[in-house]
Amino acid sequence: MSYVLTTLTKKKEIDSIIRDTIDKVLVLRFGRASDAGCLHLDDLLSKSAREVSKFATIALVDIDSEDVQVYIKYFDISLIPSTIFFFNAHHMKMDSGTADHTKWIGAFHTKQDFIDVVEAIFRGAMKGKMIVNCPLPQERIPKYQLLYKDL
Amino acid sequence: MNAMNEKKINNNKKKCEFEFCKVCNLNHDKGHRHKYFPNHKKSLSAFLSRFQSKLADIRFFLKNPSVLRPEHASRNRFWCVFCDADIDEISSSFACSANAINHLASEDHVKNLKHFLWKYGGEMNHMDAYRILEADVAKWEKNCKSLVNEAAPSNDRSNMLQVGPSNDIRNELKNKNINDFENCTFDPIKSNLSNGVMPLHYFTNEYQISHSGLSADTNVGPFVHDAIFSIPADAWISNDLAVDWNSQQPLPYKNLISSSDLSYRGVSQGYQGGGMVNGVTSSQGSHNITQTSATPPKKAGGNVHTGGPPPWFEATEENHLSAELKPISSSFISLSNKPGKKLNPKRVGAAWAERRKIELEMEKRGEIVKSDCDDNWLPNFGRVWQSGSRKESRKEFEKEKQKLPKVESHSEMPLKIKPYISKRMRRDASESE
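Protein chains in written order, with my numbering: chain A, 1 to 151; chain B, 1 to 433.
Careful: at least some of the hints might be erroneous.
[As the list claims (entries may be wrong)] Using 27 Å as the maximum straight-line C-alpha spacing, the simulated DSS-like pairs for lysine-lysine come out as follows:
(1) Lys12(A) <-> Lys30(B)
(2) Lys346(B) <-> Lys129(A)
(3) Lys73(A) <-> Lys127(A)
(4) Lys30(B) <-> Lys127(A)
(5) Lys93(A) <-> Lys342(B)
(6) Lys129(A) <-> Lys342(B)
(7) Lys127(A) <-> Lys401(B)
(8) Lys22(B) <-> Lys42(B)
(9) Lys399(B) <-> Lys10(A)
(10) Lys15(B) <-> Lys73(A)
(11) Lys12(A) <-> Lys403(B)
(12) Lys11(A) <-> Lys364(B)
(13) Lys10(A) <-> Lys403(B)
(14) Lys119(B) <-> Lys54(A)
(15) Lys54(A) <-> Lys357(B)
(16) Lys346(B) <-> Lys93(A)
(17) Lys364(B) <-> Lys73(A)
(18) Lys93(A) <-> Lys401(B)
(19) Lys12(A) <-> Lys395(B)
(20) Lys54(A) <-> Lys395(B)
(21) Lys127(A) <-> Lys342(B)
(22) Lys12(A) <-> Lys54(A)
(23) Lys357(B) <-> Lys127(A)
(24) Lys93(A) <-> Lys399(B)
(25) Lys357(B) <-> Lys10(A)
(26) Lys15(B) <-> Lys41(B)
(27) Lys10(A) <-> Lys342(B)
(28) Lys395(B) <-> Lys93(A)
(29) Lys129(A) <-> Lys357(B)
(30) Lys119(B) <-> Lys41(B)
(31) Lys11(A) <-> Lys357(B)
(32) Lys10(A) <-> Lys364(B)
[Unchecked claim] If you want the ones that stay clear, here's a sample from chain A, every Cβ over 12 Å from chain B, calculated:
(33) Thr9
(34) Asp23
(35) His40
(36) Asp62
(37) Ile63
(38) Asp76
(39) His91
(40) Ile121
It is worth saying that the hints were derived from the structure and are not from the lab.
Note that the Cβ used here is the ideal one computed from N, Cα and C, for glycine as well.
With the hints as constraints, model all of the structure from the sequences given.
Here it is in structure tokens:
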């Protein structure tokens, strides 16, 4: 998948992509290229990359790389794949009925679901909202158990 | 009085169930109020005018009935927006769009029309525009019958494909066609709207000259464009009809806008643009071979068959030159340079975006060096288990980061804890010794 989407392995790269994506949603997927769930998500992402290209940029972050560990801690990434959305270097939260609003955990059921989510984020961001509601129905949102932080 | 006011307010706030407005194509919960909104009114007028144009095609048939071939009947369908039903011509009687005409005159349709106008708020006095009156239908039926009588004797001839000179009969028909053309009531502007293509003017003189050498194919009646593909490939010339018309003796190219093609847009999608569309026949029973242009064949440029360059190549050479001169701009800058696009100033991170854009532009010009991006920069991130604002979460994180190395250094250099001995005591101790 990395021939379609850029994979980032250094903190500097992540920094620059966050800072340089202007007026577009930045979709950062944290995961491993070898994990099955990540592969599923990556497939969806690469197929829809062109469709959302006018209002979103997609990039993959490899969590096994040393440099990005600080981000993994900062973003509290414990389950993969985790997708985090930024807009103009501001982090966008999405309330999808799960415990963690700061990121999207898991893959999507269809390309259209992903596009809908990114569109919702974009619309909210353009209106000035930093947290948006998820447009997907509950059955299409992957569920997970979030460990409490000190466990 | 307060109670009365409250009641009024309550009445206004009564919530309606969601319903779907098929004019605006959206769901709303305003109930009956929706049809008075200006947006709805605009959508309604667009919606009805679209339907009107389709009706206009059918009305053309009402005035000029023509025979519908059974093999083409399946392509002619019409969706009635008031009845929410497809009306196709598969089982229709011999005449073109008979089913549609009958439907538009039927009682059910009128009922549905009334209901639609009530629900979506159209003008009730214009109702007749969306239906066909019974008197008109009667007239049409009479016309159809007379058409059938006329067509009966000529039908036998028309169904046979005749190759080779059989000039007499065809000349007769051709002449009839030419004469009829002057009498036809074809409205070029109207047919433009339904086809989207400009018909060329029809020169009767050239028609007579060019058709003298034809070996023919007398396919009478409305001939849908797509059926042309059944003619052998070498006979069908794609672009330059005028060139080969005189030089070869192929089977004639049947590009016809007959009355059936006029009405059913979906049918005639295969047109190749301006070069092809030409004259029209209104009378049934004539063949419709027309020449595209009167100009003499162009030998200089060549065409697809002679292997000449396509005309767009000359255009692209110029484009290539100009494209190279254009500077390549980076994606985010070009987005912002779109003329006339003003982004919402209240959007998330607007201030950041503006600042960053300026910075990037300055960098491009080579003026400023990136200064504020240090290695420890982190975006403001709203963490999962945090309370307080996002900036605070970053500070928290950095504190946590700093705690970790401190813990390590503690273990490496254990400090010896000694009790505090004051100077006096030290002095005394040394003195005493």
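Hint check:
1. Of the supplied pair hints, the one linking Lys12(A) and Lys30(B) is violated, its CA atoms being roughly 52 Å apart against a limit of 27 Å.
2. In summary, the hint linking Lys346(B) to Lys129(A) is supported, as the alpha carbons are separated by about 9 Å, within the 27 Å threshold.
3. Restraint check for Lys73(A) and Lys127(A): not satisfied, since their Cα atoms lie roughly 30 Å apart, outside the 27 Å limit.
4. At roughly 25 Å between alpha-carbon atoms, Lys30(B) and Lys127(A) fall within 27 Å of each other, so this suggested pair holds.
5. A C-alpha spacing of about 25 Å is found between Lys93(A) and Lys342(B), which places the hinted pair at or below 27 Å, so the restraint holds.
6. About 18 Å separates the Cα atoms of Lys129(A) and Lys342(B), which keeps this hinted pair within 27 Å; it holds.
7. A threshold of 27 Å between alpha carbons decides the hint, and for Lys127(A) with Lys401(B) the separation of about 34 Å lies outside it, so the pair is violated.
8. Our distance criterion of 27 Å between C-alpha atoms is met by Lys22(B) and Lys42(B), whose separation comes to about 13 Å.
9. Restraint check for Lys399(B) and Lys10(A): satisfied, since their Cα atoms lie roughly 22 Å apart, inside the 27 Å limit.
10. For a cut-off of 27 Å, the pair hint linking Lys15(B) to Lys73(A) is broken: about 48 Å separates their Cα positions.
11. The hinted pair formed by Lys12(A) and Lys403(B) meets the criterion: a straight-line CA distance of about 23 Å does not exceed 27 Å.
12. For the suggested pair Lys11(A) and Lys364(B), the alpha carbons sit about 23 Å apart, so the restraint of at most 27 Å is met.
13. Restraint check for Lys10(A) and Lys403(B): satisfied, since their Cα atoms lie roughly 24 Å apart, inside the 27 Å limit.
14. Simply put, Lys119(B) and Lys54(A) have alpha-carbon atoms about 39 Å apart, too far for the 27 Å limit, and the pair is violated.
15. Under the criterion of a C-alpha separation no larger than 27 Å, the hint pairing Lys54(A) with Lys357(B) is consistent with the structure, at around 18 Å.
16. Distance check on the hinted pair: Lys346(B) and Lys93(A) sit about 17 Å apart at the alpha-carbon level, within 27 Å; holds.
17. Distance hint between Lys364(B) and Lys73(A) is unfulfilled; the C-alpha atoms sit about 34 Å from each other, more than 27 Å.
18. For the hint pairing Lys93(A) with Lys401(B), the CA-to-CA distance comes to about 24 Å; that is within 27 Å, so the pair holds.
19. A C-alpha spacing of about 20 Å is found between Lys12(A) and Lys395(B), which places the hinted pair at or below 27 Å, so the restraint holds.
20. Restraint check for Lys54(A) and Lys395(B): not satisfied, since their Cα atoms lie roughly 34 Å apart, outside the 27 Å limit.
21. Of the pairs offered as hints, the one joining Lys127(A) and Lys342(B) holds, with about 13 Å between alpha carbons and a cut-off of 27 Å not exceeded.
22. For the given pair, Lys12(A) sits about 25 Å from Lys54(A) by alpha-carbon distance, which is consistent with the 27 Å threshold.
23. Under the criterion of a C-alpha separation no larger than 27 Å, the hint pairing Lys357(B) with Lys127(A) is consistent with the structure, at around 20 Å.
24. Of the supplied pair hints, the one linking Lys93(A) and Lys399(B) holds, its CA atoms being roughly 23 Å apart against a limit of 27 Å.
25. A hinted pair counts as satisfied when its Cα atoms are at most 27 Å apart, and Lys357(B) with Lys10(A) qualifies at roughly 23 Å.
26. In summary, the hint linking Lys15(B) to Lys41(B) is supported, as the alpha carbons are separated by about 22 Å, within the 27 Å threshold.
27. For a cut-off of 27 Å, the pair hint linking Lys10(A) to Lys342(B) is broken: about 34 Å separates their Cα positions.
28. For a cut-off of 27 Å, the pair hint linking Lys395(B) to Lys93(A) stands: about 19 Å separates their Cα positions.
29. A distance of roughly 21 Å separates the Cα atoms of Lys129(A) and Lys357(B); the hinted pair therefore holds under the 27 Å criterion.
30. A threshold of 27 Å between alpha carbons decides the hint, and for Lys119(B) with Lys41(B) the separation of about 12 Å falls inside it, so the pair holds.
31. The suggested pairing of Lys11(A) with Lys357(B) holds, with an alpha-carbon distance near 22 Å, which does not exceed 27 Å.
32. About 24 Å separates the Cα atoms of Lys10(A) and Lys364(B), which keeps this hinted pair within 27 Å; it holds.
33. The beta carbon of Thr9(A) is kept farther than 12 Å from every beta carbon of chain B, the shortest such distance being approximately 16 Å.
34. Its closest Cβ contact with chain B, about 6 Å, brings Asp23(A) to no more than 12 Å, contrary to its assignment away from the interface.
35. With a cut of 12 Å on Cβ distances, His40(A) stays outside the contact zone with chain B, its closest approach being about 24 Å.
36. Against chain B, the non-interface label of Asp62(A) holds: every CB pair exceeds 12 Å, the least being about 19 Å.
37. At the 12 Å boundary, the C-beta of Ile63(A) stays outside the reach of chain B, the nearest C-beta of that chain being 16 Å off.
38. Once the 12 Å rule is applied to beta carbons, Asp76(A) is inconsistent with being away from chain B; the minimum gap is 5 Å.
39. With a minimum CB-CB distance of about 5 Å to chain B, His91(A) fails to clear the 12 Å threshold, and the non-interface call is violated.
40. Non-interface call for Ile121(A) relative to chain B: violated, since the shortest CB-CB distance, roughly 10 Å, does not exceed 12 Å.
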